[in-house]
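Spelled out from the first residue to the last, the chains are:
Protein chains: 2
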Amino acid sequence: MQENTAIPIISQSKNQTVGPVFKFGGTSMGSIERIEHVADLCLKLKPSAIVVSAMSGETNRLISLANKILERIDVPEYDMLVASGEQVSVSLLSLALRKRGIAPMPMLAPTAGILTDAQFSRANILQVKGEAIKEALDKGLLPVIAGFQGVTEDGQLTSLGRGGSDTSAVAIAAGIGAKECIIYTDVDGVFTTDPRICSAARIIRKINYEEMLEMASQGSKVLHIRSVQLAAKWGIRLVVKNTFSNDEGTEMSTIDEPIEGEIVSGIAASQNEAWIQATCANTPQFNLSNVFDLLAKKGINVDIINQGEHNSSLKISFTITQTDSNLAMETLKKEFPNISLTLREDVAKISIVGVGMRTHAGVAARMFKTLANNGIEILLVTTSEIKVGCLILRDKVSLAVNALHEEFIPKT
Amino acid sequence: MQENTAIPIISQSKNQTVGPVFKFGGTSMGSIERIEHVADLCLKLKPSAIVVSAMSGETNRLISLANKILERIDVPEYDMLVASGEQVSVSLLSLALRKRGIAPMPMLAPTAGILTDAQFSRANILQVKGEAIKEALDKGLLPVIAGFQGVTEDGQLTSLGRGGSDTSAVAIAAGIGAKECIIYTDVDGVFTTDPRICSAARIIRKINYEEMLEMASQGSKVLHIRSVQLAAKWGIRLVVKNTFSNDEGTEMSTIDEPIEGEIVSGIAASQNEAWIQATCANTPQFNLSNVFDLLAKKGINVDIINQGEHNSSLKISFTITQTDSNLAMETLKKEFPNISLTLREDVAKISIVGVGMRTHAGVAARMFKTLANNGIEILLVTTSEIKVGCLILRDKVSLAVNALHEEFIPKT
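In the order they appear, the protein sequences are chains A and B. For what it's worth, my numbering labels the leading residue of the first sequence as 1, then goes sequentially. For what it's worth, my numbering labels the leading residue of the second sequence as 1, then goes sequentially.
In short, the hints are calculated from the structure, not lab data. You may find that some hints are simply not true.
Repeated chains share a single entry, so a pair holds when one copy, or any two copies, can fit it.
To be verified - Derived lysine to any residue pairs resembling SDA-like cross-links, with alpha carbons at most 20 Å apart:
id	residue 1	residue 2
1	K68	I32
2	K129	D154
3	K221	K315
4	K315	E131
5	K411	V363
6	K68	G101
7	K99	I63
8	K129	G155
9	K68	K99
10	K396	D346
11	K333	A296
12	K315	I378
13	K139	G155
14	K334	S317
15	K68	E36
16	K139	T152
17	K396	V222
18	K44	I32
19	K396	E345
Here chain A stands alone, though its shape is the one from the complex (with noise of 0.2 Å):
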């Protein structure tokens, strides 16, 4: 479920003395203990607007419902199914802060006033008209909000896409003009890698907003791009909390310098990568522009790129999700009776990240070089102005990832 990348219209708020708007996710509201302790949290931290996700779990018991009678996402029912889980935890959330004497006002999509388009199970923020939770907010309300969900312009319930209650957070906050979001999860913050695969990961203070983007695009699950590209746009502080431990967490910050004197802030892997090669003779309509047009009418993303020769015929190599493999290679298929296609599932993404790289020669370099002084071959590379990312193997991302966080993560 690839995100749009437009950025959505928000109503700015003339009332500029609200509080942090925050964002439970599904671990933190997982069970009615762990309900309880949230609500402990908003009776001592006093947000202004709490946003949150389903209860761990009930989002995949409601797919797999649904699932055993028809698998289709892109129909409004599917919308309809997965939003009741996040309406279950307002619920409960109202509840639990009710019996500590706080009003809430539990808030849905149609009625928080959260318009999207009408992409059902992939659905875009268009705006967050912010007048009914300023409303409760005037009438000393606490507005409990389900995430993940919107509403088109003439009612129907739409979701997200998984991860999309971070998003709606932040769209949130810019809605009703607050300054901060704070992004309550089951982890203590953004880590400089994956801690399951390199030991030596720790938390990232601060961050940079570009380069939690590439981190996060890269495959750091923490945060959901898009809430990251809005806090960003609206100048929001974004911040991402542990529930359940008192860690301060790291902080997104504008900051265009290397936060703490280091060229790599973080090291992303990600491993749902598929690679594609194509080639196609005598075949004038087998260009870059048609097959990526083609590729993204059916809603695939392609990451890396490459363009070669193969025996004087046009080779294409591509990166894209694993998840839409199937769908990449029937399509080209069916286009290009003639083409000549490779797909290798066993393929990673390794990236190192720095806003530092811009003012620093040599990081891809240094890159290459720790990576063949451990034997691990380059497939593809991409470059962006504080990202280099390399195809490598899979069954090698652990060893690169130690290797390169040994290689530019200080030690503290």
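Go by the hints and put chain B onto chain A.
Quick look at chain B alone, frame taken from chain A:
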């Protein structure tokens, strides 16, 4: 959860060609297999709109989650919570219809325009704005609508209280100008009495609306009372059928004659009864008006009322549902410190119901004689034009029902 008996205002539709509204209860929606069966039935029988309850057990599961936090049902988050159950049903049935080539229009209360007052957990339908449903019909879509829920004018979700989906279905039928509403459930129809108590019980093929009201309010659980009132008011043909059999079911009729030549159509037994007897010496404020006004303000509905003298003090004797007995006792004690109260919860009410009584004298006498012949003491009596009810000891219910069935209901 007592229903307000005021009849809601329904907007009548101009289009008179609308087919039947089907309503499926929790048992009918109880599993994926059953939902697929319901979809098959709809494919075959082509209703104009479908109203569904939550999957059986789901509402109880949600309420038990809520009760672990706070036992409050008069708050918006309670209604929002329980409404999620119907939302899941609507979604899953819509998927099953789509699988069969039917284009569904899944609708919740706000989009379907089911307006209620703001009495949370026991809201009353004020109006069904049929326009959105009719619009879906005009587009060739099959509306699948959440029962049991409504929306206040300011957009908050409400719930109608247990059994409210029947009322939703009839109100929606009225709102879109349907002439027929079929309530699909897990029994073959309305029985002459509870078949678990009396093996001679059989299906009533046609029953007068007034009889049905008496049967329903006297403890026959097949239909929600308000749905029968509404159907009678709007002249909607109401039928109860079994989702899982081909039985023709029970049809409500406006015919005001004994339909099958019988004086008594059915025998209702209600075991959720409590009997309170109160005296209060030297207290002028202790009178029928004050006592029942006091109880009404607490939402307690009183059934049989008896007034007498005890040692020159007023003695008030009345029955209520057992569920309300503690609240009634506390309320009376608080208001009348000198009150003398006895509460009996070992009682039940047996009623014989039939429009034939209007024209046949001596029916009550036959009932009393039958009970006396079986050694069953009558504690209180209540009568209406088409009903005689007796309060008896609860351990005599089975004996009484069988004896009265034998006396009044002809064998077929």
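(request) Have a look at K333 and A296 and pick one of within, between, both or neither, based on CA distance no larger than 20 Å. (result) within (16 Å within a copy, 74 Å between copies)
(request) Evaluate K315 and E131 at a C-alpha cut-off of 20 Å and name the case that applies: within, between, both or neither. (result) neither (54 Å within a copy, 57 Å between copies)
(message) As a check of your reading, is K334 near S317 (CA-CA no more than 20 Å) within one copy, between copies, both or neither?
(response) within (18 Å within a copy, 83 Å between copies)
(request) Can you give me the call for K68 and G101, within, between, both or neither, at a CA distance of at most 20 Å? (result) between (42 Å within a copy, 17 Å between copies)
(request) Using 20 Å as the alpha carbon limit, work out where K68 and I32 are close: within a copy, between copies, both or neither. (result) Result: close only across copies, 7 Å inter versus 28 Å intra.
(request) Go through the copies and call it for K315 and I378: within, between, both or neither, with a Cα cutoff of 20 Å. (result) within (18 Å within a copy, 95 Å between copies)
(message) Within, between, both or neither: how does the pair K129, D154 come out at a Cα-Cα threshold of 20 Å?
(response) both (15 Å within a copy, 15 Å between copies)
(request) Tell me, please, which holds for K68 and K99 at an alpha-carbon limit of 20 Å: within, between, both or neither? (result) Answer is between; shortest inter-copy Cα gap is 11 Å, intra-copy 38 Å.
(message) Reference check for the pair K129 and G155, CA-CA at most 20 Å: within, between, both, or neither?
(response) Classified as both: same-chain Cα gap 14 Å, cross-chain 15 Å, threshold 20 Å.
(request) Measure nothing new, just compare the shortest in-copy and cross-copy C-alpha distances for K139 and G155 to 20 Å and report within, between, both or neither. (result) between (26 Å within a copy, 16 Å between copies)
(request) Classify it for me, K396 with D346: is the Cα-Cα distance of at most 20 Å met within a copy, between copies, both or neither? (result) Close inside one copy (10 Å), not across copies (75 Å); limit 20 Å.
(message) Within, between, both or neither: how does the pair K68, E36 come out at a Cα-Cα threshold of 20 Å?
(response) between (33 Å within a copy, 10 Å between copies)
Consistency note: the structure conflicts with the earlier hints numbered 3, 4 and 17.
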